[in-house]
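Under the numbering used here, the first residue of the sequence shown is numbered 74, with each subsequent residue one higher.
Because the hints were derived from the structure by calculation, they are not lab data. Here the structure is a predicted model, which means the values were calculated and not measured. No false leads were mixed into what you were given.
Within a straight-line C-alpha distance of at most 20 Å, the following computed DMTMM-like cross-link-like pairs (lysine to aspartate or glutamate) qualify: (1) K271 x E195; (2) K177 x D130; (3) K143 x E184; (4) K122 x E111; (5) K129 x D170; (6) K101 x E184; (7) K101 x E140; (8) K129 x E162; (9) K122 x D280; (10) K101 x D119; (11) K143 x D130; (12) K158 x E195.
Listed next, with one range per pair, are the computed distances between beta-carbon atoms: (13) Q202 x E287: 26 to 34 Å; (14) N226 x T114: 38 to 46 Å; (15) L118 x N226: 37 to 45 Å; (16) S225 x P113: 32 to 40 Å; (17) G144 x Q202: 39 to 47 Å; (18) L118 x P288: 31 to 39 Å; (19) G115 x G291: 35 to 43 Å; (20) R108 x K143: 22 to 30 Å; (21) T95 x A285: 18 to 26 Å; (22) D272 x T100: 20 to 28 Å; (23) S121 x Q202: 43 to 51 Å; (24) I125 x A174: 17 to 25 Å; (25) A285 x Q223: 13 to 21 Å; (26) D119 x S225: 33 to 41 Å.
The beta carbon of each residue, even a glycine, is placed where N, CA and C say it ideally should be.
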Amino acid sequence: MQLIISGATGQVGSGLLCACLTSPRITKLSILSRRAFELPTGPGLDVSKATIIVHKDFLNYPSEVLEQLKGATGAVWALGISQTKVSREDYIVITHDYAMAAAKAFATLCEKPFKFIYVSGEGADQNGQGYTFFSNIKGRTDVELLSLTQSSNRFSGLRIYISTGRVSRSIQKILYTPLIPLVLLPMRLLMPRRFISKDQLASAMLDLALRAGEPLPGGPGIENDGRLVRNSAMREWELNQ
Numbered sequence: 074m075q076l077i078i079s080g081a082t083g084q085v086g087s088g089l090l091c092a093c094l095t096s097p098r099i100t101k102l103s104i105l106s107r108r109a110f111e112l113p114t115g116p117g118l119d120v121s122k123a124t125i126i127v128h129k130d131f132l133n134y135p136s137e138v139l140e141q142l143k144g145a146t147g148a149v150w151a152l153g154i155s156q157t158k159v160s161r162e163d164y165i166v167i168t169h170d171y172a173m174a175a176a177k178a179f180a181t182l183c184e185k186p187f188k189f190i191y192v193s194g195e196g197a198d199q200n201g202q203g204y205t206f207f208s209n210i211k212g213r214t215d216v217e218l219l220s221l222t223q224s225s226n227r228f229s230g231l232r233i234y235i236s237t238g239r240v241s242r243s244i245q246k247i248l249y250t251p252l253i254p255l256v257l258l259p260m261r262l263l264m265p266r267r268f269i270s271k272d273q274l275a276s277a278m279l280d281l282a283l284r285a286g287e288p289l290p291g292g293p294g295i296e297n298d299g300r301l302v303r304n305s306a307m308r309e310w311e312l313n314q
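Using the sequences provided together with the hints, build the complete structure.
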């Protein structure tokens, strides 16, 4: 399979990158990045199948970029940034606009259904009623991506998967305060199913990309007609492998 990934130098994306380089089922890996970087090396990491495509404008995909991506049947969008590091306007562009532009541009890259996996986040609120800016923008992006296939025949070949998690609203209120180091440890102890490690998430993302695009079977942590998967469900996948 030929796969596209973004955010490969970030916390989530770096784990996914290694998982892709290790998997024999990924035969070609196209990495969208604002800058060139050194690929990881080590036992089992096949860097010969990876190509870094330096792309500066994630709102637009000219024909020369799409030509390099042609043949891909899936993408994992792991590009993101903390809401504390940029302005609100820039956060919307990076979190929402970049993902929507990519999904639309990639929809016609192949004749098969194209799988677009969006890495959302803990606390994303699809109802727009979260206590944090992050929660509402991530949730808005989730909803609009899931609705994209119904908006136009051009996008009917898309198969969207959302990877997200949910934290109770009382916890969301304090999640982005200076108390976060003191909050996270007891949260992990009391609600371990709400958390997922980088390697567990990478394994789950790769599993979604390798699927045929079918809805996920129903069960705990699977929502939106099999298109949205919670951390608790992804942890179970990893445990059962």
